[in-house]
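Generate coordinates for the entire structure from the input sequences, incorporating the hints supplied.
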Amino acid sequence: MLKDILPCDLYNIINNKIAIGELSEIRIRQDKPIVVFIKSQPYYIYQNGITCNINLALYATQDMIADIIYKASDFSIYSINEQIKQGYIILPSGIRIGIAGTFVYENNQIKTITNWTSLNIRIPHYIKNASLCAFDDIVSNNEIKNALIISPPGAGKTTFIRDFINQLSERNYCLNVCILDERGEISCDMVGIGIFCDVLRNVDKSYGFMCAIRSLNPSVIVTDEIGSEDDINSLISAMNCGVKVIATIHANNLDELRRKEFFCKLPNYYFQRYVLLSNREGPGTFEGVYNEKFSRIVRW
Amino acid sequence: MKIALILLIVFCFAFLGYKIADYYISRKKFFSSFEILMSSIEADVTFTHDKLKYVIKRNCEKLNSRELIALCDLIYQRLEDKKNIEVSLLDNISILKKDEKEFIYKYFSNIGRFDVMSLSNEMGTYKNKIKIKCDESREECKKYASLFIKLGIIVGLLVCLLVI
Chain A
1 MLKDILPCDL
11 YNIINNKIAI
21 GELSEIRIRQ
31 DKPIVVFIKS
41 QPYYIYQNGI
51 TCNINLALYA
61 TQDMIADIIY
71 KASDFSIYSI
81 NEQIKQGYII
91 LPSGIRIGIA
101 GTFVYENNQI
111 KTITNWTSLN
121 IRIPHYIKNA
131 SLCAFDDIVS
141 NNEIKNALII
151 SPPGAGKTTF
161 IRDFINQLSE
171 RNYCLNVCIL
181 DERGEISCDM
191 VGIGIFCDVL
201 RNVDKSYGFM
211 CAIRSLNPSV
221 IVTDEIGSED
231 DINSLISAMN
241 CGVKVIATIH
251 ANNLDELRRK
261 EFFCKLPNYY
271 FQRYVLLSNR
281 EGPGTFEGVY
291 NEKFSRIVRW
Chain B
1 MKIALILLIV
11 FCFAFLGYKI
21 ADYYISRKKF
31 FSSFEILMSS
41 IEADVTFTHD
51 KLKYVIKRNC
61 EKLNSRELIA
71 LCDLIYQRLE
81 DKKNIEVSLL
91 DNISILKKDE
101 KEFIYKYFSN
111 IGRFDVMSLS
121 NEMGTYKNKI
131 KIKCDESREE
141 CKKYASLFIK
151 LGIIVGLLVC
161 LLVI
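Heads up: the protein sequence lines correspond to chains A and B, in order.
Quick note on this note's numbering: the first sequence kicks off at 1 and runs consecutively.
Quick note on this note's numbering: the second sequence kicks off at 1 and runs consecutively.
It is possible that part of the hints are untrue.
27 Å max Cα-Cα, derived BS3-like pairs, lysine-lysine [what the hints assert, rightly or not]: (1) A:LYS71 to B:LYS106; (2) A:LYS71 to B:LYS82; (3) B:LYS29 to A:LYS71; (4) A:LYS3 to B:LYS57; (5) A:LYS111 to B:LYS106; (6) B:LYS19 to B:LYS29; (7) B:LYS83 to B:LYS51; (8) A:LYS71 to B:LYS101; (9) B:LYS106 to A:LYS3; (10) B:LYS101 to B:LYS29; (11) B:LYS29 to B:LYS62; (12) B:LYS83 to A:LYS71.
Rather than coming from a laboratory, the hints here were simulated on the basis of the structure.
Put into structure tokens, the structure is as follows:
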């Protein structure tokens, strides 16, 4: 909840003057104006709401940043060091706070991040039917195809897969769905998580895939943000076990995707569907569905 | 009748002496309990990395200072309500001096702000300070607690001699 982490004054402005449902990000940078993103457009926060005039903007201080992290950690910063090390904090409500600051190393390993200078508070939204544009291309005749959801950051990948899981449940697909929720973002408040879903939270992908296949007998594994060769190897071993995979990845378009070194190691036929989302007309803009040969089969 | 009156006067003055002595006894209990609490919190925080409110709740139950237990309950409630700890939580603790309240407030409001890097260093500083306070309160108690009780009884007897 934003109320629990933001300074009172800032929360009151956001709560009273801005429609929280339209708010996607709050950027707080030390000694810089506080910026909110509403429908992908940046605005400055000022006493009476939002403005485009930088001279009226409210500025963030280092104490403000430290205080937000302190509150987000439930007054126990030491208890969330593992998350801080990875550069973010996830709140139970699914709000993700990205952190920038000074990385501290010990024995060539990140020990923590200190002297925080920026925060990126991302507010998740559950958008019903966000995945309908591609649902029938991924699920047909009671069979799910391996699908990769592609978009730049903040363009609705997580929202898409959250709704996809919900659609499976609403349409009574009695499939065991296992959610590998590395950062707790997909299953944050368990809204839309169907009765056939198992959630492995805060687990890294390689261990999570192995654990899910061995112990939970999933028909489908849904996971967020594939980002390394290890992740690709885990995907391949899961698909080779007969498990369907719905995953997301960061890229602006298919060319960018194909230029990713780790992605090239994945044979084309593993994913039968690629869903491309963008920010062109706001987060979640559907650009098209592509088959395993990267030929467009649906354009919105 | 006279004997009853003598007993009553002596009892009243002894009780007054005890109440003054209780201030020193309570202070001694408070600081020794606080020293134990700090060690328990440090161990708990270092090994379990549990949230501060649960660590405080868990460790305050075995303390023998009622003032400190009450304070821990207030702090737990405050953190549970997602509110910052404030110095006003210590207003009702009459056995502490202003600078001591300040110190205890700082300890509770800072402990959750430490990251893993600074936790043990900062805890060490607080522990050294509380050890000094603990020794001082123990000395004070040894010096004044029994003195005030004895003084109460003697004054009571003196008053009896004068009155009766």
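inquiry  = Given the hinted pair LYS19 (chain B) and LYS29 (chain B), is their Cα-Cα distance within 27 Å?
reply    = holds, 15 Å
task = Would you mind confirming whether the straight-line C-alpha gap from LYS101 (chain B) to LYS29 (chain B) stays at or under 27 Å?
result = Holds, because 15 Å separates the two Cα atoms, which is no more than 27 Å.
ask   = Going straight from one Cα to the other, do LYS71 (chain A) and LYS82 (chain B) come out at no more than 27 Å?
value = Holds, at about 7 Å.
key: Satisfaction of hint between LYS51 (chain B) and LYS83 (chain B), Cα-Cα up to 27 Å   = holds, 14 Å
query = Within a Cα-Cα threshold of 27 Å, do LYS83 (chain B) and LYS71 (chain A) meet the stated pairing?
reply = holds, 8 Å
query = Is the Cα-Cα distance between LYS106 (chain B) and LYS3 (chain A) 27 Å or less?
reply = Holds, at about 24 Å.
ask   = Taking only the CA atoms, is the gap from LYS3 (chain A) to LYS57 (chain B) under or equal to 27 Å?
value = holds, 24 Å
request  = Given the hint that LYS29 (chain B) pairs with LYS62 (chain B), test it: the Cα-Cα distance must not exceed 27 Å.
outcome  = The given pair, whose Cα atoms are some 13 Å apart, holds under the 27 Å limit.
task = Mind checking the alpha carbons of LYS71 (chain A) and LYS101 (chain B) for me, to see if they're no more than 27 Å apart?
result = The hint holds at about 23 Å.
ask   = When you check the alpha-carbon spacing of LYS29 (chain B) and LYS71 (chain A), does it fall within 27 Å?
value = violated, 32 Å
task = For the pair supplied as a hint, LYS71 (chain A) and LYS106 (chain B), confirm whether the alpha-carbon distance does not exceed 27 Å.
result = holds, 17 Å
key: Pair hint outcome, LYS111 (chain A) versus LYS106 (chain B) [Cα-Cα no greater than 27 Å]   = With Cα atoms ~26 Å apart, LYS111 (chain A) and LYS106 (chain B) stay inside 27 Å; holds.
Of the hints listed earlier, the one the structure fails to meet is number 3.
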